[in-house]
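Undergrad: Chain residues, written in single-letter form:
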Amino acid sequence: MVFNTGAALLDAIVLAVVTKDQEGTYGYKITQDVRNVIEISESTLYPVLRRLQKEECLEVYDLAYDGRNRRYYRITEKGRIQLNLYKSEWAGYSQKISRIFEEAHI
Amino acid sequence: MSRDEFMRELEYLLADIPDEEKEDAIEYYRDYLEEAGADNEESVIREFGSPERIAAMIRADMNGHLKDGGEFTESGFQDERFRDPNYQMAKRYDLPEVTRQPSEDSSYEQSSREEGRRRRRKDRRPVRIILWIILIISASPMLLGIGGGILGILAGIVGALFGAVVALGAVTFAFLAAGFALAVAGFTAMILHPLNGILLLGLGILILGLGIVFLAVCGLFYGKFLPYLFRSIIDICNRFLHGRRTRT
Chain A
0 MVFNTGAALL DAIVLAVVTK DQEGTYGYKI TQDVRNVIEI SESTLYPVLR RLQKEECLEV
60 YDLAYDGRNR RYYRITEKGR IQLNLYKSEW AGYSQKISRI FEEAHI
Chain B
0 MSRDEFMREL EYLLADIPDE EKEDAIEYYR DYLEEAGADN EESVIREFGS PERIAAMIRA
60 DMNGHLKDGG EFTESGFQDE RFRDPNYQMA KRYDLPEVTR QPSEDSSYEQ SSREEGRRRR
120 RKDRRPVRII LWIILIISAS PMLLGIGGGI LGILAGIVGA LFGAVVALGA VTFAFLAAGF
180 ALAVAGFTAM ILHPLNGILL LGLGILILGL GIVFLAVCGL FYGKFLPYLF RSIIDICNRF
240 LHGRRTRT
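So the protein sequences, as listed, match chains A and B.
In terms of numbering that gives the first Met the number 0, the first sequence has 41 at position 42, counting the first letter as 1, and numbering is strictly consecutive.
In terms of numbering that gives the first Met the number 0, the second sequence has 58 at position 59, counting the first letter as 1, and numbering is strictly consecutive.
Note that these hints are calculated values from the structure, not bench results.
Any given hint could be a false lead.
Stated by the list, open to error - So the derived label-pair ranges between C-beta atoms look like this:
hint, chain 1, residue 1, chain 2, residue 2, range
1, B, Ser1, A, Ala63, 23 to 29 Å
2, A, Ile96, B, Arg127, 51 to 57 Å
3, A, Ala7, B, Arg127, 48 to 54 Å
4, A, Glu38, B, Ile128, 53 to 59 Å
5, B, Asp18, A, Ile80, 30 to 36 Å
6, A, Ala63, B, Asp18, 21 to 27 Å
7, B, Asn62, A, Tyr64, 31 to 37 Å
8, A, Ile99, B, Ile16, 24 to 30 Å
9, A, Leu84, B, Pro125, 53 to 59 Å
10, B, Asn62, A, Leu84, 24 to 30 Å
Unchecked claim - Part of the chain A face toward chain B, derived, beta carbon under 7 Å:
hint, residue
11, Glu22
12, Thr24
13, Gly26
14, Tyr27
15, Ser40
16, Tyr45
17, Pro46
18, Arg70
Ideal Cβ placement from N, Cα and C applies to all residues, glycine included.
Between the sequences and the hints, there should be enough to build the whole structure, so can you do that?
TA: Structure (structure tokens):
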């Protein structure tokens, strides 16, 4: 990918991925879902998830799975508001960029 | 590196951070490797890089570095403040070639920084030279007056000394020569005019005596006074050059 994904965009993508499952999702799955869209390394997401959790955009809870605890991430109300903001910002931004590309004569 | 090894290493590296942070991180990575499954385990650990890298990342995040200055991009985490060679580990967490790029960057930055310093020093030199030139030109009349005066006095003293040295020698030599000549002349004249001759001889001996007195003065002057003079001049120079050290 030639374009960089900045911190805010990565936050938005993670928040969006987490909302896909109503009951939340876990670290490995989030990473794989994000990796389907953009190229990130396996270790990129822990600090992002940890930060979003500290900022109370995500909450965690443990659920027994396969004889052990699995940590699930779920979006909070604050996280939803944040994600909405990101979505509208992105809509405006991507629209403008797309338009300027369409107007370009190649 | 196996999963157990990786986790043990990571736990060890995070031993000194707060328990809550440590447990959260350890749990996350243990979970992650568990979910990845035995098949993917190896490739995931390889992509993690090293326990050191993961630990550095967790620490940086804990200190709030990631939030303030860093940026996650699809090529990994980038933070301009981690350009310091000491932060090599933390600088680009998620690039596969962790060691190569930071060292290039840091060496480049170091050399450019050094160049900047050198340039700054070079820039200041002409300014200093110009200031000195201005100072010397504006002070030159005074410097010339004072310097000229001092030089004149010194030259006068040296001249007087030189004159005294030469004159004393010449007078002594003249007295001795004249006394000797008169004595010889008187001695020879005694044959023709005994009285005249005795007078001349007496004058000659008198002048010879004066010459001997002067010779003694010469001995004192050349042997004692001049060495003393030179010694004190050298002393004064020494005191000027080395402060008060030579004062005894």
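Undergrad: It remains to establish, for every hint, whether it holds in the given structure.
TA: We went through each hint and held it up to the structure:
no. : hint                             : in the structure
1   : Ser1(B) - Ala63(A): 23 to 29 Å   : 26 Å, holds
2   : Ile96(A) - Arg127(B): 51 to 57 Å : 54 Å, holds
3   : Ala7(A) - Arg127(B): 48 to 54 Å  : 50 Å, holds
4   : Glu38(A) - Ile128(B): 53 to 59 Å : 58 Å, holds
5   : Asp18(B) - Ile80(A): 30 to 36 Å  : 32 Å, holds
6   : Ala63(A) - Asp18(B): 21 to 27 Å  : 23 Å, holds
7   : Asn62(B) - Tyr64(A): 31 to 37 Å  : 33 Å, holds
8   : Ile99(A) - Ile16(B): 24 to 30 Å  : 46 Å, violated
9   : Leu84(A) - Pro125(B): 53 to 59 Å : 56 Å, holds
10  : Asn62(B) - Leu84(A): 24 to 30 Å  : 27 Å, holds
11  : Glu22                            : 16 Å, violated
12  : Thr24                            : 11 Å, violated
13  : Gly26                            : 5 Å, holds
14  : Tyr27                            : 3 Å, holds
15  : Ser40                            : 4 Å, holds
16  : Tyr45                            : 5 Å, holds
17  : Pro46                            : 4 Å, holds
18  : Arg70                            : 6 Å, holds
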